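Chemist: Under UniProt numbering, residues 1 to 265 are what the sequence shown spells out, in order.
Please keep in mind that the hints were generated in silico from the structure rather than gathered at the bench.
Only a predicted model underlies this, so the values are computations on that prediction, with no experimental measurement involved.
Quick reminder that beta carbons are idealized off the backbone N, C-alpha and C, glycines included.
What follows is a set of in silico ranges between Cβ atoms, one per label pair, in the way DEER data are often shown:
1) C225 <-> P254: 19 to 25 Å
2) G183 <-> A140: 49 to 55 Å
3) P134 <-> D52: 22 to 28 Å
4) D52 <-> L180: 46 to 52 Å
5) R146 <-> H4: 17 to 23 Å
6) H28 <-> A191: 46 to 52 Å
7) D52 <-> Y126: 22 to 28 Å
8) R176 <-> D100: 19 to 25 Å
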Amino acid sequence: PGRHGIVTTAFEHPATEECCRLLERAGHPVRRVAPRPDGRVAADDVITSLDDTTALVTLIHAQNEIGTLQPVAEIARAARARGVRVHADAAQSLGKVPVDVAALGVDLLTVAGHKVYAPKGIGALYIRHDIALPPLLAGAGQEHGRRPGTENVAFMVGLGAACRIAAARLEQDAARTRVLAAGLLARLREAVPGLVLVGDPEQRLPNTLNVLFPDVSGRLLLEACPGVLASTGSACHAGSEAPSAVLLALGLAPEAALGAVRLSL
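Put together the whole structure using the sequences plus the hints.
Modeler: What follows is the structure, encoded as structure tokens:
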């Protein structure tokens with residue numbers, strides 16, 4: 001009773017941010033915790049945002065544009081001790097770093113299959129056994145009453161197979177991409193004086209770099225490099241001329257943020 005508020009971060013994926021905006025319009029207070037300049041939220045900042053009205057903390061495990069890892073486990077321990085449920089968006093981290101609901105201590109966790117080469121359009125939601133959620137839609141009782149409609153068995157099998165392969169190759173792939181990313185960053189820094197890596201250099205995904213090219217538009221730079229498959233932000237905002245909201249949340253000036261390029265290996 002009385003718990004209806006949400007605490008999240010100021011640089012969530014649109015899938016989370018748009019849901020928070022919808023709930024906000026429905027009367028649920030939403031507090032957005034700003035990240036530090038290193039691309040990570042401080043656990044203390046999130047924890048001090050909790051109060052007696054907070055029902056849920058929802059945060060991204062690995063920031064999708066810059067690759068920084070967030071202190072989910074530390075936040076979850078403190079939040080759950082206060083009776084607050086915790087959801088983690090692990091879409092970006094699945095298959096790149098260990099994703100263990102027990103180690104993270106979360107109540108709910110979402111993953112997206114296409115991030116590990118499963119078919120597009122399949123995902124999974126982990127729900128702790130003691131949580132009862134209403135169905136997404138009215139209908140029959142498929143998927144334990146969560147989502148009515150005939151199950152897409154082929155896609156489910158594809159997701160399961162992809163996750164098994166990703167888990168078996170996790171350490172090998174992470175080590176390989178970490179070396180490749182370090183080499184790419186070193187060569188970029190050698191070629192481009194003043195190049196800046198966005199986010200903590202250590203607490204990050206092994207395969208993701210977000211770099212700022214000084215005094216140049218990232219969009220125009222990529223247009224001049226047709227053989228390079230990269231982006232200036234998330235795929236959801238491909239084609240946008242505006243600076244990344246994620247980079248602005250880090251405190252970057254708009255003109256600096258326009259020089260960003262995201263590289264994934």
